[in-house]
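Colleague: One letter stands for each residue in the lines below.
There are 2 protein chains.
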Amino acid sequence: MLNFTFSNKTRIHFGEQQIKQVTQEIPLDARVLITYGGGSIKKNGVYDQVIAALTGHTVFEFSGIEPNPSYETSMKAVALVKQENIDYILAVGGGSVIDASKFIAAAAHFNGEPWDILIKGAAVESAIKLGAVLTLPATGSESNGGSVITKLATKDKLPFMSAHVLPLFAVLDPSVMDSLPARQLSNGVVDAFIHTTEQYLTYDVDAKIQDRFAEGILLTLIEEGPKLFSAEKTNAVNANVMWSATQALNGLIGSGVPHDWATHMIGHELTASFGLDHAQTLAIVLPRLMWEMRESKEGKLLQYAERVWGITEGDVETRIKQVIEKTEQFFHSVQMKTRLSDYDLDATSIDVVIEQLERHGMTQLGERQLVTLERSRNILMNSL
Amino acid sequence: MLNFTFSNKTRIHFGEQQIKQVTQEIPLDARVLITYGGGSIKKNGVYDQVIAALTGHTVFEFSGIEPNPSYETSMKAVALVKQENIDYILAVGGGSVIDASKFIAAAAHFNGEPWDILIKGAAVESAIKLGAVLTLPATGSESNGGSVITKLATKDKLPFMSAHVLPLFAVLDPSVMDSLPARQLSNGVVDAFIHTTEQYLTYDVDAKIQDRFAEGILLTLIEEGPKLFSAEKTNAVNANVMWSATQALNGLIGSGVPHDWATHMIGHELTASFGLDHAQTLAIVLPRLMWEMRESKEGKLLQYAERVWGITEGDVETRIKQVIEKTEQFFHSVQMKTRLSDYDLDATSIDVVIEQLERHGMTQLGERQLVTLERSRNILMNSL
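Residue numbers (my numbering), protein chains in the order written: chain A, 110 to 493; chain B, 110 to 493.
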């Protein structure tokens with residue numbers, strides 16, 4: 110196990126009817142900005158529950174945060190935050206709304222050009238207080254300090270991390286998943302799954318708890334994910350998927366182990382340049398990345414094959430081929446496609462992605478920095 | 110899954126040479142009381158590292174905290190805390206030292222007779238700030254708000270819980286385990302194991318992540334525990350056992366599931382009346398409790414048998430007998446005995462325990478309150 114420091118202060122309120130916990134979480138004298146997306150929360154009852162919980166508070170609203178939230182939209186919210194002296198942001202939505210809210214919270218306190226937080230890694234010294242009501246389990250953003258923002262003008266999709274933007278609390282009510290369209294459920298399951306593999310399918314450092322917990326998340330998503338698209342969808346299924354997604358990226362399984370994230374970095378470029386959903390890009394890249402990097406990941410790929418899929422027979426190459434096939438079949442079972450051609454992308458798109466990776470300095474990705482541009486190209490060519 | 114609120118703010122510094130993190134964790138202007146036990150920290154180098162990390166701080170010391178820490182000893186520390194206006198307690202030791210430090214931290218701020226916190230469940234409204242340097246992985250006390258204190262005068266061993274006594278930080282350096290005697294390592298492994306079963310071997314509420322994480326802790330302890338007593342003991346083994354013990358009782362695997370704790374409550378009386386080590390009592394009680402309560406725990410016992418021990422053959426009774434035997438063999442493999450007679454206790458001791466359980470209102474224990482005094486007696490009679 111590697112040395113680590115782990116801390117996660119987000120208080121989680123989990124279960125049906127938990128949105129009312131917002132009342133005691135946000136001080137009555139706070140000036141609250143509710144941030145949200147396209148308005149689905151007004152149809153599924155979440156908005157009404159949030160407003161009821163904030164009775165007596167001074168409340169403002171900012172809506173229209175898009176998937177793959179943009180710098181441009183976020184900066185409009187920053188102007189509102191400053192104008193109205195907002196001192197608490199309540200993000201009501203999925204990872205995009207929460208990520209945007211983190212950037213808004215940091216940018217409002219930032220001296221200088223806030224884009225520097227993303228493009229130059231400028232330090233975030235403080236931020237406006239943040240809470241979250243999660244409506245889409247996927248990114249884990251409700252309980253971590255990470256955020257990914259896209260600058261529309263330049264098609265730059267870049268991450269930043271800061272403990273200052275960690276939500277102080279998060280409400281996870283699994284019943285909100287009943288109103289989600291299938292595409293968002295697919296995205297959520299695959300995103301949580303690949304967050305887990307990014308911290309697990311690397312190389313062995315004898316971190317047995319982290320490995321077992323990661324395998325537990327993968328097994329749960331494999332067992333529960335497909336039920337979301339069938340008559341077996343119950344609130345218990347929703348709950349298990351939702352809690353999996355939080356545990357996949359709250360820092361716990363990633364403490365004391367190497368991280369990969371090459372699938373994410375390549376995927377971000379596919380989203381920024383061609384508009385694919387985040388999880389769609391991950392499901393395309395991961396299977397071929399597992400194959401391309403099979404030598405340096407061999408030990409963990411075989412462990413994953415055995416413990417998660419029960420694959421123990423055959424030589425190393427056979428087992429690795431099998432587990433990649435199983436992984437891809439799992440993605441299909443949650444209605445997720447796994448090829449660039451499924452989205453009408455051909456080899457010319459790969460040139461664009463490789464160029465953007467180079468421009469963003471992503472020339473040596475992965476847990477051992479072995480994913481060169483050439484290997485990224487191989488991965489994408491095999492994903493056509 | 111049951112509704113829950115989960116929060117754990119303890120910042121963990123894990124790994125070799127992490128004791129130096131104490132320097133930045135405790136404010137320089139704090140008046141610090143270091144609490145510890147019998148002085149083993151002066152032999153294994155931990156004391157010197159702590160003192161070095163506190164260079165420049167105003168430091169006081171309180172030593173002599175015993176295993177199963179007493180109210181009587183703790184109250185001497187409370188007097189010192191008040192006399193010296195202590196505003197930060199740094200517990201350096203195992204669960205006993207940390208538990209005592211929690212009570213000291215709460216009692217120093219308590220209006221009235223502090224024993225009421227334990228005997229009457231009086232509310233803890235505030236406490237002195239607390240940090241921990243862990244020297245013995247076992248209780249999880251370094252990252253939870255629980256504490257168990259014994260009043261020597263009356264042989265009352267009672268727990269209390271408060272978020273106010275949660276350590277703000279904890280240093281977990283697995284290399285300190287090299288100086289531990291075998292008996293303490295045995296105690297640590299068994300304690301962590303049974304903390305896990307108390308939150309797992311109950312009844313199914315379809316909480317798949319919690320189950321998988323609990324099974325991951327059990328599997329890790331089964332794999333790594335016996336190595337502590339062999340030539341295979343490495344720092345990686347230490348680290349895996351240490352991290353298992355923290356995860357076993359930091360609130361995570363217990364969120365959203367029923368809890369048992371009958372083994373602990375019965376075991377506490379054995380310790381209070383006859384002086385057995387805490388984990389020794391648990392290893393005696395659990396196997397027979399599993400048998401006595403096999404009907405109400407059937408589903409989980411079979412799941413435990415299959416996922417942790419690979420037992421899938423035979424009828425229900427056969428599988429349950431097998432898994433109890435496996436569990437007991439595991440305790441033996443970490444040098445832990447499992448019978449009252451191993452400690453020269455006979456049937457007369459059982460009368461004493463039952464009387465004390467009755468006196469403490471422990472007449473309906475377990476996740477369904479089905480462990481009556483009669484069942485507790487059966488469990489102990491079968492444990493002779």
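Treat the hints as calculated values from the structure; they're not laboratory data. The reader is advised that the hints may include incorrect statements.
Heads up, the list lumps identical chains together, so a pair's fine if it works in one copy or across two of them.
No farther apart than 20 Å at their CA atoms in a straight line, the calculated lysine to any residue pairs in the SDA-like style are these [as the list claims (entries may be wrong)]:
no.	residue 1	residue 2
1	129	461
2	238	165
3	260	228
4	118	235
5	336	284
6	342	287
7	191	173
8	118	360
9	229	483
10	430	173
11	191	224
12	435	139
13	336	263
14	191	222
15	435	453
16	446	138
17	238	137
18	118	165
19	238	116
20	118	273
21	152	464
22	129	113
23	342	313
24	185	473
25	118	277
26	129	112
27	342	111
28	129	115
Colleague: Each of the hints needs a verdict: does it hold here or not?
Modeller: Hints, verified against the model:
1. Taking the shortest alpha-carbon separations for residue 129 and residue 461, neither the intra-copy value of 47 Å nor the inter-copy value of 48 Å comes in at or below 20 Å.
2. Taking the closest pair of Cα atoms, residue 238 and residue 165 come within 20 Å of each other only inside a single copy of the chain (19 Å); across copies the shortest separation is 34 Å, beyond that limit.
3. For a Cα distance limit of 20 Å, the shortest separation of residue 260 from residue 228 inside one copy, 10 Å, qualifies, whereas the shortest one across copies, 60 Å, does not.
4. Taking the shortest Cα distances, residue 118 and residue 235 sit within 20 Å of each other both inside one copy (16 Å) and across copies (19 Å).
5. When the C-alpha separation of residue 336 and residue 284 is checked against a cutoff of 20 Å, the pair qualifies only within one copy, where the shortest distance is 15 Å, while the shortest distance between copies is 45 Å.
6. Taking identical chains as interchangeable, the C-alpha atoms of residue 342 and residue 287 lie at most 20 Å apart only when both belong to the same chain, with a minimum of 9 Å there against 50 Å between chains.
7. In this assembly of identical chains, residue 191 and residue 173 lie within 20 Å of each other by CA distance solely inside one copy; the values are 18 Å within and 56 Å between copies.
8. In this assembly of identical chains, the alpha carbons of residue 118 and residue 360 lie at most 20 Å apart whether taken from the same copy (11 Å) or from different copies (13 Å).
9. Proximity of residue 229 and residue 483 under a CA criterion of 20 Å is satisfied in neither setting, with 26 Å inside one chain copy and 69 Å between copies.
10. When the C-alpha separation of residue 430 and residue 173 is checked against a cutoff of 20 Å, the pair qualifies neither within a copy, at 43 Å, nor between copies, at 60 Å.
11. Within a single copy, residue 191 and residue 224 get their C-alpha atoms as close as 17 Å, which meets the 20 Å cut-off; across copies the closest is 51 Å, which misses it.
12. Taking the closest pair of Cα atoms, residue 435 and residue 139 never come within 20 Å of each other, the shortest separation being 50 Å inside a single copy and 56 Å across copies.
13. Proximity of residue 336 and residue 263 under a CA criterion of 20 Å is satisfied in neither setting, with 39 Å inside one chain copy and 55 Å between copies.
14. For the identical chains of this complex, residue 191 and residue 222 are intra-copy neighbours only, at 15 Å inside a copy versus 50 Å across copies, given an alpha-carbon limit of 20 Å.
15. In this assembly of identical chains, residue 435 and residue 453 lie within 20 Å of each other by CA distance neither inside one copy nor across copies; the values are 24 Å within and 56 Å between.
16. Taking the shortest Cα distances, residue 446 and residue 138 never come within 20 Å of each other, neither inside one copy (48 Å) nor across copies (59 Å).
17. Taking the shortest alpha-carbon separations for residue 238 and residue 137, only the intra-copy value of 14 Å comes in at or below 20 Å, while the best inter-copy value is 27 Å.
18. Within a single copy, residue 118 and residue 165 get their C-alpha atoms no closer than 26 Å, and across copies no closer than 29 Å, so neither meets the 20 Å cut-off.
19. Within a single copy, residue 238 and residue 116 get their C-alpha atoms as close as 17 Å, and across copies as close as 17 Å, so both meet the 20 Å cut-off.
20. Taking the shortest Cα distances, residue 118 and residue 273 sit within 20 Å of each other both inside one copy (11 Å) and across copies (14 Å).
21. Taking CA atoms no more than 20 Å apart as the test, residue 152 paired with residue 464 passes in neither setting, with 41 Å inside one copy and 59 Å between copies.
22. In this homomeric assembly, residue 129 and residue 113 come within 20 Å of each other (Cα to Cα) only across copies, at 13 Å, whereas the closest approach inside a single copy is 35 Å.
23. Taking the closest pair of Cα atoms, residue 342 and residue 313 come within 20 Å of each other only across two copies (18 Å); inside a single copy the shortest separation is 36 Å, beyond that limit.
24. Taking the shortest Cα distances, residue 185 and residue 473 never come within 20 Å of each other, neither inside one copy (35 Å) nor across copies (59 Å).
25. When the C-alpha separation of residue 118 and residue 277 is checked against a cutoff of 20 Å, the pair qualifies both within a copy, at 7 Å, and between copies, at 11 Å.
26. Proximity of residue 129 to residue 112 under the C-alpha cut-off of 20 Å is restricted to the inter-copy arrangement: shortest distance 13 Å between copies versus 39 Å within a copy.
27. Proximity of residue 342 to residue 111 under the C-alpha cut-off of 20 Å is restricted to the inter-copy arrangement: shortest distance 17 Å between copies versus 39 Å within a copy.
28. In this homomeric assembly, residue 129 and residue 115 come within 20 Å of each other (Cα to Cα) only across copies, at 16 Å, whereas the closest approach inside a single copy is 29 Å.
Of the hints listed earlier, those the structure fails to meet are numbers 1, 9, 10, 12, 13, 15, 16, 18, 21 and 24, in rising order.
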